[in-house]
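Which chain is which? The protein sequence lines are G and C, in order. Numbering-wise, the first sequence is residues -2 to 154 according to this note's numbering. Numbering-wise, the second sequence is residues 369 to 523 according to this note's numbering.
Just to be clear, a hint being listed does not mean it is correct.
Claimed, not checked - EDC-like, lysine to aspartate or glutamate: derived pairs with alpha carbons at most 16 Å apart:
id: 1; chain 1: G; residue 1: K67; chain 2: G; residue 2: E130
id: 2; chain 1: G; residue 1: K67; chain 2: C; residue 2: D400
id: 3; chain 1: C; residue 1: K496; chain 2: G; residue 2: D105
Unchecked claim - Stretches of chain C that chain G covers, calculated by requiring three or more beta carbons in the stretch to come under 8 Å of a beta carbon on chain G:
id: 4; region: 475 to 486
id: 5; region: 489 to 503
Worth flagging that the hints you see were computed from the coordinates, not collected in a lab. Ideal Cβ placement from N, Cα and C applies to all residues, glycine included.
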Amino acid sequence: MRKIFSRTLICTLIMLLSSLTANAQVEEFEKYSDMKNVTYVYISKAMLTLAKGLTAPSVPGMDMKNAFGKLNAIQIITTESKAARAKLKAEVADVVKRDKYEMLMQVDEDDSKVRIYFKDGKKQSVILMSTDESNETSVIAFSGTFKIEDIQKMTEK
Amino acid sequence: MERLNINELNIKELEQIPIPEGLEERLSAKIDEWDAASRTVAIPSTPHRGFLSPDNGGTEGGAKTIEAGRGSWRAFALAASFILVCGIGLYFALAPTNKGTIDTYDDPQLACQEAENALQLLATNLNKGMAQYEAVNAKSRQAEEILNKQLTKLN
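Can you build the whole structure from these sequences, using the hints too?
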């Protein structure tokens, strides 16, 4: 009886803790899931683990198995609405400034501006890629346990 | 084996059978002992009832120990139940409001494809940036070579 109670208590604590620490993504972007004219995609670690087991993903020049293993979540926010684009850009600028992201790359082309930021956290690292095109703005946040070396590997062809 | 019907037994004849001396006292003492033991084990209906005092057959120290253990165990069970209820409540209260943490895809295949596209885009942009950096670096080296050549001529 005592064992059952102890186990129940431990399970409850684990459940509580996991629910509190489940935010493995950039929390500031969560609000876009409810916003009108905004497409919000969230892929959790559980789904990535499932996907890893089901298929053999391939991206040229990338060790996908390694990349999938280190990812905790992917958030993709896309919008064509003027108001939402302005808000999203301001949000990215705010997050980058506040959380002290480092700019990795800036690619300016005629029709698009791409910014890639990186935050090397103790518990979690984030790669933030914002793409601003003439009629669309998109932000992709990759959260995981990767290091700058892993990003370097992505550029090796 | 021949069976005896209870109705056929003659009560008067049974009463004549001699009872061993002291059996009645011993039996009642045994019953009292069992009663005392059952009271010590039984769960009291109120927190302060059920204490055994020496006059009703129990030892005070032993009963108190059992009662104290039971009290702490009850507090532990109460705390565990409270945490359990709060945990479940919190879990379900937070989950539906936080849509940003709900998987968009139910199909892992689709999720994989989306993740692959996102990573592909990241790799492409990183490579674009690296290509631009290489181009600028090459131009810079070229300019440096020309400058060095001119400086050598001047010297």
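Structure-based check of each hint:
1. For the given pair, K67 of chain G sits about 29 Å from E130 of chain G by alpha-carbon distance, which is inconsistent with the 16 Å threshold.
2. As the CA atoms of K67 of chain G and D400 of chain C are separated by approximately 71 Å, the hinted pair breaks the 16 Å bound.
3. At roughly 10 Å between alpha-carbon atoms, K496 of chain C and D105 of chain G fall within 16 Å of each other, so this suggested pair holds.
4. Residue count for the region 475 to 486 of chain C with a Cβ under 8 Å from a Cβ of chain G: 8. That meets the three needed, and the coverage hint holds.
5. Counting residues of the region 489 to 503 of chain C whose beta-carbon sits less than 8 Å from any beta-carbon of chain G gives 10, enough to reach three: the coverage restraint holds.
The structure fails hints 1, 2 (numbered hints given earlier, in ascending order).
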